[in-house]
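There are 2 protein chains.
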Amino acid sequence: MNVTQMYRARQGEITPAMETVARSEQLEPEFVRSEVARGRMVITANINHKNLIPMGIGLNARCKINANIGNSKLSSGCKEELEKLDMAIRYGADTVMDLSTGEDINTIRQAIIDHSTVPIGTVPMYQAVEEIEDPLDLSGRKILDVIEQQARQGVDYMTVHCGILRQHIPMAMDRTTGIVSRGGSLMAQWMQRHEKENPIYEHYDELLEICQKYDVTLSLGDSLRPGCLADASDKAQLSELAILGELCKRAWEKDVQVMIEGPGHVPIDQIEYNVKKQMELCHEAPFYVLGPLVTDIAPGYDHITGAIGGALAAYYGVSMLCYVTPKEHLGLPNAEDVRNGIIAFKIAAHSANIARRFPGVRDRDDEMSKARFSFDWEKQFSLALDPERARQYRMESMPEELRNDCTTHHCSMCGPKFCSMNISHQIMDTAQNQ
Amino acid sequence: MNVTQMYRARQGEITPAMETVARSEQLEPEFVRSEVARGRMVITANINHKNLIPMGIGLNARCKINANIGNSKLSSGCKEELEKLDMAIRYGADTVMDLSTGEDINTIRQAIIDHSTVPIGTVPMYQAVEEIEDPLDLSGRKILDVIEQQARQGVDYMTVHCGILRQHIPMAMDRTTGIVSRGGSLMAQWMQRHEKENPIYEHYDELLEICQKYDVTLSLGDSLRPGCLADASDKAQLSELAILGELCKRAWEKDVQVMIEGPGHVPIDQIEYNVKKQMELCHEAPFYVLGPLVTDIAPGYDHITGAIGGALAAYYGVSMLCYVTPKEHLGLPNAEDVRNGIIAFKIAAHSANIARRFPGVRDRDDEMSKARFSFDWEKQFSLALDPERARQYRMESMPEELRNDCTTHHCSMCGPKFCSMNISHQIMDTAQNQ
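Taken in sequence, the protein lines are chains Z and G. With numbering that gives the first Met the number 0 as the guide, the letters of the first sequence map in order to residues 0 to 433. With numbering that gives the first Met the number 0 as the guide, the letters of the second sequence map in order to residues 0 to 433.
If we strip away everything but chain Z, and leave its shape as in the complex, we get (with noise of 0.2 Å):
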């Protein structure tokens, strides 16, 4: 029996979860389904993630926001994981990866699974890694059983790295910074100590077996995306991307969902470039890309960087953006950062997913400027993307004896006399009685 709801949707099926999408997304259920049918539109739900919300991810839907959390070696652990997770739920994570390759890899994901009602996606092969002794004893067989193990605990999507082949590695050789996909630089190492082809994409087929049992969404990795502005767009990537293509057409063929990984370090001027061009390659599979930055001079304030790349890239089609922490490039993020790359890159879609006029989409920002005109703060707190903050910059930038007070209508920033929205009232009711 073919469980995907790729297969359900083209035997003419509307799933209970493809309802639940177009109730959220505002969408017919009909179109719902022949999105998910055609490959533009994925529902990553796999069978064995219990308490799931399904959501749908594709051209034709709100552009979603992947937080990425999990340990290392160097930091962090289970309970500190779980906090990351709540806090990626409560300021509105789409989905969430743990990409934990520190210790206890397996109890934190099956913790992180059971919390959460968002989709879970993972990189296998940090496991895989993690398990043996040397990366250069990997096989294709380790990999295929930790996906399997994956897979069964209820992992919605999963990150392989299956279309960095042989023939694409002198390609990176002369770049500025190689190869920055940790998958990517691993599996790039160990075909070249083998002088084999990657064992990923020799085993596709029992790949797409096990996805296809449980409807793991396949996330396909671009293990050569540009790690700097200076290799954005080059051979390398460009040569991975129409490999994407033909795998992406592979799993279609045994109804597994696919979503096509991308950059990552892209000046404005290539990111429009770079987003049609994945649509034309990879057949309008949704697009899900990390960022991507638009310079490189600013760590310590990625999660803007890629904020702005990535609303430009949803606003030309981009169906998710895996969110960057202000901690990019430096360290492991902690449950501030994570806070704070969610509310950057929720920021970034929903501006993009306002200028595509998807339905309902403008209202809650209606609500603010009304709510902002009839001076009630706390309508304005509620209706922020994160309510908690709003309070406290209000609160601290009052004077000691109004720093309670909800009720003025004016802030500090110009007091009572200059506040241009009460001389508007006073403007309008003159003119009322005019």
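Calculated from the structure, these hints are not laboratory results. Honestly, I wouldn't trust all of these hints.
All copies of an identical chain are treated as equivalent in the list; a pair is satisfied when it fits inside any one copy or across any two copies.
Said to hold, decoys possible - The calculated lysine-lysine pairs, modelled on DSSO-like cross-linking and capped at a C-alpha distance of 30 Å, are:
no., residue 1, residue 2
1, K369, K141
2, K416, K49
3, K195, K416
4, K416, K78
5, K416, K234
6, K72, K275
7, K378, K72
8, K72, K416
9, K369, K276
10, K369, K253
11, K275, K378
12, K416, K378
13, K195, K212
14, K141, K195
15, K416, K141
16, K369, K72
17, K248, K276
18, K234, K369
19, K378, K141
20, K378, K234
21, K253, K72
22, K234, K248
In this text, all values refer to a predicted model and were calculated from it rather than measured experimentally.
Keeping the supplied structure of chain Z fixed, place chain G upon it in accordance with the hints.
Frame of chain Z; chain G shown alone:
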């Protein structure tokens, strides 16, 4: 004797200020002269601002950023404002506007001009209103007196609200957030109550004489800029913009330099239209926009919302971005907010300048990428827009024993085993040996 840069440019003179601008922009001095002569570039340099380093703002120069500082009736004084000025210059503001509306306006402004190597802008209306009992007692004479006094002090550019006319007021009456410009709302109320035309519009020729005398650049304010997405690109906004285009021509006839101010709150899909429209109606005079903010629901993070809109606006040809701080819509920013606002807008302007391929502008990015790939942490910090924060984030996320070690070939994100750059080096070494 006519002292303005525009007059001298039109006489064929390449002034020392133009030479300085040419050097910093990597442009030909004669090209700078011709841009100033035709009004497409301004050099905001009051003859009485003695320690100024001249700087060019225009379509064919790198996009600049402005930081607003200034106290309000509810908060801050001279000491705090000088602290904000230092912060602004340190983190790279190209100009600073003193928007004080509280106590000691004159003293604060003089202190700021004396301390500042970057151009200082003001909104003279604030002082004019502050010095009278009731804003409705304002007169053309009073405003001109304040403008002349500030010009004598050395203010390099001034926002004047002379484009909002009586005919425009009804257009703003059914807006969601009314008139959100402080000066604009005061002017509208004055016109409505007195049933007279805008006094600065009426006294425009006298205003131009003062500007000519000290070479004050006019920054024609957009009193009717939208205060929310719902009001963007409406009739009120565009009708005023057409008047600003007329006033621009009249200023150029007297060799007075002009910038045009712009929104505000604009959805991503309307930004290009707004920039092109301004160029058309205002004869390519430098466009100086506030943000623009691309969503209304992110109070506490509007520096990010504005950086997204600003990057796009700059990419389409805006000449200067006025920053927005995290406190926007909530209160008066403090020094830390100024820092966050500046860095966000440096990112926006710089990433647009890269995309517009101004000479040499990407060099720092490429140096940063090389420093990353060679694990030269100290160089990474020194090339960062905010060196202190980059260092702090790196340190706080490393384990205790490595906290002060900036020689490691990894960070806490991936740890030593999974560092893709490390693996890339190994791959490159092997490739070379093969």
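Hints, one by one, checked against the model:
no. : hint        : in the structure
1   : K369 - K141 : neither (57 Å within a copy, 35 Å between copies)
2   : K416 - K49  : neither (57 Å within a copy, 34 Å between copies)
3   : K195 - K416 : between (74 Å within a copy, 22 Å between copies)
4   : K416 - K78  : between (50 Å within a copy, 23 Å between copies)
5   : K416 - K234 : between (60 Å within a copy, 28 Å between copies)
6   : K72 - K275  : neither (38 Å within a copy, 52 Å between copies)
7   : K378 - K72  : between (43 Å within a copy, 26 Å between copies)
8   : K72 - K416  : between (56 Å within a copy, 9 Å between copies)
9   : K369 - K276 : between (41 Å within a copy, 28 Å between copies)
10  : K369 - K253 : neither (50 Å within a copy, 43 Å between copies)
11  : K275 - K378 : neither (40 Å within a copy, 36 Å between copies)
12  : K416 - K378 : within (23 Å within a copy, 49 Å between copies)
13  : K195 - K212 : within (28 Å within a copy, 77 Å between copies)
14  : K141 - K195 : within (16 Å within a copy, 83 Å between copies)
15  : K416 - K141 : between (70 Å within a copy, 19 Å between copies)
16  : K369 - K72  : between (49 Å within a copy, 26 Å between copies)
17  : K248 - K276 : within (16 Å within a copy, 44 Å between copies)
18  : K234 - K369 : between (50 Å within a copy, 20 Å between copies)
19  : K378 - K141 : neither (53 Å within a copy, 40 Å between copies)
20  : K378 - K234 : between (51 Å within a copy, 29 Å between copies)
21  : K253 - K72  : neither (37 Å within a copy, 68 Å between copies)
22  : K234 - K248 : within (22 Å within a copy, 49 Å between copies)
Consistency with the previously given hints fails for numbers 1, 2, 6, 10, 11, 19 and 21, ordered from lowest to highest.
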